[in-house]
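Visitor: Residue numbers (my numbering), protein chains in the order written: chain A, 67 to 364; chain B, 41 to 380.
Please note that the accuracy of each hint is not assured.
Label-pair ranges, simulated between beta-carbon atoms [said to hold, decoys possible]:
id	chain 1	residue 1	chain 2	residue 2	range
1	A	Glu143	B	Thr115	31 to 39 Å
2	B	Trp78	A	Arg214	30 to 38 Å
3	A	Pro249	B	Pro104	42 to 50 Å
4	A	Leu164	B	Thr255	55 to 63 Å
5	A	Leu164	B	Leu140	39 to 47 Å
6	A	Ala358	B	Leu111	54 to 62 Å
7	A	Gln136	B	Gly215	24 to 32 Å
8	A	Arg97	B	Ile357	26 to 34 Å
With a Cα cut of at most 20 Å, we get these calculated EDC-like pairs of lysine to aspartate or glutamate [unchecked claim]:
id	chain 1	residue 1	chain 2	residue 2
9	A	Lys263	B	Asp120
10	A	Lys93	B	Glu259
11	A	Lys93	B	Glu270
Computed footprint of chain A on chain B; a stretch qualifies when at least three of its residues, placed anywhere within it, have a C-beta under 8 Å from a C-beta of chain A [to be verified]:
id	segment
12	168–176
13	196–208
Derived by calculation from the structure, the hints in this document are not laboratory data. Since the structure is predicted, the reported quantities are computational estimates derived from the model, not experimental observations. Positions of the beta carbon are idealized from the N, C-alpha and C atoms, including for glycine.
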Amino acid sequence: MADPSTLSFKVSPVSPLAPDRRYVARKFYGRFMAGLITVAALVGVSVLWIILGYVIVRGAPAINLDFFTQRPLPYGEVGGGIAPSITGTLLILAVAALIGVPVGLGCGIYLAEYGRGSVVEVIRFCSDLLAGLPSIVVGVFVWAILVRQVVGNFSGIAGAVSLAIIMVPIIVRTVEAVLLLVPYTLREAALALGVPKWRMVISVVLPSARAGIITGLVLSVARAGGETAPLLLTTLGNQFFSWNLLEPIGAIPIQLYNYAVAPYPDWHTKAWGSALVLISVIGILSTAVRVATRRQNR
Amino acid sequence: MTTRDVENEIASPASWTVQGPPIFARRGGVGADDVFKWLVYITAFAVPAVLVALFILLVIDAWPALERFGLGFVTSSNWDNVKEQFGSLPYIYGTVVTSLLALLIATPVGVGAALFVTEYAPRPLRVPVSFTIELLAAIPSIIFGLWGFFVLTPIMRSTVEPFMKSAVGPLPVIGSLFQGPSVGKDLFTGGVILSIMILPTIVSISREVLLAVPTMQREGMLALGATRWEAIREAIIPYARVGIAGAAILGLARALGETMAVTMVIGNSSRKITGSLLTPGYTMASAIANQFTEADNPLYFSAIVGVAALLLVVSAIVNVAARLMIWQISRGVAKGGTRG
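Construct all of the structure, not just a fragment, from the sequences and the given hints.
Guide: Okay, structure coming up:
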């Protein structure tokens, strides 16, 4: 509590109910600041709608069946779409999840169930640091290992690994948080029945935290799906369909970038269209999983 | 056996050992319990391992450039890949200027929005407002870049920058920030797009910090006859100050590493440090994105990785500082502490 003698306003000697001039001024100033604060909130809220609005209005003309089924065409040819990028993004995300989910889940389980003392602090700290890493730095790292050394060229697997590195800390944080919410009595009941610890974790703790865990997984996939910078350094992008993880693979964000920085208006429309597809994929993914988990919990 | 002995017997866990074979215990060999435990341990230690590997690898790759230029790598502003001179000061400058500008814009707006949500908004508005702002965080960086590239840049060039030049330009000190032609793709636009991107971070964390301020704090103030704003200024803000600063610094951490959006609006052309915000420039992240794949000789490549290592260290320091500040606040709340 602030010391009354340091307050920067004077409490009126008359009853505050009897409005004197100073009271009116204070009240007016209060209203003014309330107005400013409301404007700040309004700005914050409207920015989202402005950006979404632009993406929908400018992206909609690009959307047709070809956009989802055709590969990008060279400039001058009419039509073409971003199909290789859509399949590429899905493939890269699937592989990234295959790598990132077990690691993130395991690390979260370690933090909540197995770890003791300062080791927990250290690993949680490392995970938080990883979460705060600029994604481009992750791209440089994966390039140096996979693109330069192991695979030898730009490849889908390198992109998947860099996205996995971005996903892991997000998964770790949510998994640990929801596992700690599982009541201790549940664990004790399982252990008292003579169930070994691993069965307790898999059959009792994880299922009761299922909704929270799935939310964390979806969050991480949604975040990774929009990442561009590390993919530019690792998968490079591809105009053609490719399912070979050891070769460059297309991805929606990369295609979007290439369309946007090109000097052709038709490609700009396609860039907005790609943005619309990207946002929709992320949005649909999040809502679908959220609806599905809600139904199961009922 | 005395009573005391019986009590000791019960109290000592040694006497609790179950006699005979445990029902679920391993029946010879390595049990599933051990396997699971080791799997969990391995995944857990993979996280610090990746972090350490990342740091070591970047330093190794950056070493030729760091060794050759020494301190000059961060103090020289001469970046010339033909003459093989690499000083990354312009990139550091661009990162610092755009990030600070973003903070300068986003902190008042973000804290204001958080105050609206916690102090002013009618109850039914609270969740939708904060949820909408936090949704901003889910929009990929490349889409901010696209929007900045096609929508924000022309507006900045035709309207905002000429206005700032005529309104602020003639002023003595600040005026020097707004000199030169309005190009649209410059440090100023980079700062503005970053401020939008870090807004959700600042809003969500300052909202949490403000919610942690004890209700007594504001009620006491209001009971003294303070207006709502006076309660905020005298009782709430001082209490939440450290946490809000932490929120701002976490926003700063996000701004430092942001790549795609900035790359698309900052110009990526001039390497001069002019002091004016209306200069096209580079940030560390956008320099890496733009030059990484075209770095064809070893020293050039090493210099680019050096910039990445620098970015890694700076963002790690800023992140740790922010977390320490937020942690300090939440610890105070956990102890029921009332500092003000």
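Visitor: Under the constraints set out in the numbered hints, which ones does this structure not fulfil?
Guide: 1, 3, 4, 7, 8, 9, 13
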